[in-house]
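Chain by chain, the residues:
There are 2 protein chains.
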Amino acid sequence: MRKKRCQSGVGGYFNMNAEILCVGTELLLGSIVNTNAAFLSRELANLGVFTYYQSVVGDNSLRLKESLALSLSRSDIVIITGGLGPTYDDLTKETAADYFGLEMRMHEESLERLEKFFAQFNREMTPNNKKQALMPEGCVVFPNNYGTAPGLAIISAKNQENQENKNKTVIMLPGPPRELEPMFEEEVRPFLLKLKSRLNNSRDNIILTSKNVNIFGMGESQVEHKLRGFMQNSQNPTVAPYAKTGEVELRVTASGRDEKECLDLINPAVEKIKAEIGEFVYGVDVKSLQNAVVLKLREKNLTLATAESCTGGLIGKRITEIPGCSSVYLGGVIAYDNNIKISRLNIKEETLEKYGAVSEQTALEMCRGAAENLKSDIGVSTTGIAGPDGGTDDKPVGLVYVGVYYKDKETGGEIHKAARLNLSRRTHKDERELIRLSASSHALYEVLRLFS
Amino acid sequence: MRKKRCQSGVGGYFNMNAEILCVGTELLLGSIVNTNAAFLSRELANLGVFTYYQSVVGDNSLRLKESLALSLSRSDIVIITGGLGPTYDDLTKETAADYFGLEMRMHEESLERLEKFFAQFNREMTPNNKKQALMPEGCVVFPNNYGTAPGLAIISAKNQENQENKNKTVIMLPGPPRELEPMFEEEVRPFLLKLKSRLNNSRDNIILTSKNVNIFGMGESQVEHKLRGFMQNSQNPTVAPYAKTGEVELRVTASGRDEKECLDLINPAVEKIKAEIGEFVYGVDVKSLQNAVVLKLREKNLTLATAESCTGGLIGKRITEIPGCSSVYLGGVIAYDNNIKISRLNIKEETLEKYGAVSEQTALEMCRGAAENLKSDIGVSTTGIAGPDGGTDDKPVGLVYVGVYYKDKETGGEIHKAARLNLSRRTHKDERELIRLSASSHALYEVLRLFS
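These protein sequence lines are chains X and S, in that order.
So for the first sequence, the working numbering puts the first residue at 17; every next one is plus one.
So for the second sequence, the working numbering puts the first residue at 17; every next one is plus one.
Source of the hints: derived by calculation from the structure; they are not laboratory data.
Copies of the same chain look alike in the list, so a pair counts if it works inside one copy or between any two.
For lysine-lysine, the following BS3-like pairs were computed, each having C-alpha atoms within a straight-line distance of at most 25 Å:
hint, residue 1, residue 2
1, Lys391, Lys364
2, Lys445, Lys260
3, Lys445, Lys303
4, Lys132, Lys445
5, Lys445, Lys227
6, Lys81, Lys147
7, Lys316, Lys303
8, Lys288, Lys242
Go ahead and model the full structure; you've got the sequences and the hints to work with.
In structure tokens form, the structure reads like this:
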């Protein structure tokens, strides 16, 4: 009989399961959305660590202790977020130390870091800030590069008296996502990979590598439907979809002893995805449509201008999210009023009269007007009916025209075309914003398609 | 001895506590963020129903049943979201029915609604869609106006055999927020208010009314700090803060027998808030800065144009979120490149040379240029360094100038001014986007301040 080598998850190794326990009354009041749970679950899944439970409790020591006991009874790793701050109702560390019977001690390295942090921002350090450097004896400390509360881990194997919780790990991280996320990436991920190596009695450290396949024009459920078997059966690499606003990203993650071993597993999976849904794949590791546009224009040494009606500046906003976009994006005209379409984009009055502002002809004149007036190589335009009012039988809410104009300065050749889109989301209460977002995505996509 | 009349929460009535149990493997994989838990917690807090726990489990009948049992052991009301769809792994209703020992029966009214829904969108109804109209016997059904899965409630008092769970209520709602949120507002909220009236042996139905105080220029923690005592001690009305992107909203909610009774409780609390932090209150029930701007300009019959550099279209995007903004917002120029500042906004070349693109002088010329070129009453502008690169000692990342120009057509009087802002968020990893967002908010706020 052969020993079973793989239980589940990434790549033929023994695996751990984890659960996430978020502490914070503001979560129970609904004042903030729990993005930490989603972030951690996704990162754990990428590490091949599956999460069966997420929980939220308030800043209450008794309920936190009960919840921690329940979590430890059913999971190998418990990640607690929040409650590491300086005030009296921050009690995560203290509660965990109490649970494991550990003393709290001043961690000198953390105290020094705290003092430096306060000095750097010219802020006064109050006595209760020092509390943030108190740590349960024997824990692993994760420094915080974006705030004051260090993270920590208690590995309970060390505590030989408590046999029940042997080989259990409790990780505590600060609540603010801007502190938690980089701390996970820089400190917790390597920590977990080491834990995993040890569990597998491996002398090599296992590393993880990912590639992200960027998809536009297909919903997440369609992608899942098309690739379900492949996604479910793929263990190393794992393939997981992330729906972003109007796009889908497939993350392909492999574990192995080095980068090359990982990439040899990842690359065939990326090719397989392209073979199945290639017409919707607009890039690999390009992050977003707007980033893909900036990268492509930089590569081609071309400039872009925008002419936006129904999107009202959203295309410009998305492109200017990308640092350094100024080398390719010149700017644009938000032509909400028809007089501005005429005076700033040279739209002919007769075009507006004959075809209307929401028409293929207007979209075509707008993108050309943007390129000519703003002196760019490429112009892109949107005009449509975002609703909720203004729709008619002929031109219903959701009708959007996207125009694109490209004049090759060397050859004088032109591409000048418009697409008619029906972006209605009648079953959605935020229909207007979804139509606008989708219109801006289509516009960016049309710019990319000039070169495919 | 007097009978204790109030346990906690809104207005001198006996209260219930609730917990939220979200079902969905996609939550455990981190593919989606759990906005439902935040929405429901917030709505429950407004109803004076406090939530001590939120949990997430996957699409797994056994773990769901165990979690339901745990939740029922500690809470009066359990709201389950997700798992009401048509596929084999949607098993919330079936699991709850099994738990309470109830039969599943076809709910004819729901079946009819389903048939109509599919006919309306010309979609074929498959046999497993009918599963969505199967309901546990004796439950309350909540129709779904935005999708196919009805919601439901099981009131276990009816089930006399199970004494342990007497007076417990399990509410099940569809997972997609666009279906869950309107269903809560239209169906679940009145249902819970009735439940509460019955608990209080009141023949009158209790109603809830809210007013939202809109605040800009103060962080959520500052607002809390300033109003902590008032917020913690206020029971009817309750006062709760919601941090929105760059703004804070204080929701003041009262319960009473009618609208007047509620408003008589709410209005003094709103006045109290204004007395404490009035300079930061820009409106009551105006929803957002962009909505406040559109309302104010409509009231004054004035038009606006934008000139955006570092915000790259974000101000235009935010204003055009508001349906019907076209009566006051004409459009704008996204002047990312300096040549566009010169050619489209009449910025003097010498201004750019002498003071630079990021300067008070440029901001002043930009807003005036927008108003003059686009023929609006008011022009607003932004120019700044959003980073991460491009900062210097003199002009660091986060330096933004916001300009505003207003010419009164009748009197010829002008307001023309610029504000210098330091919007640096050095401790935040998404610093660029936060600076841009904050700059756009300040620009909208400066437009509002023209009239205060």
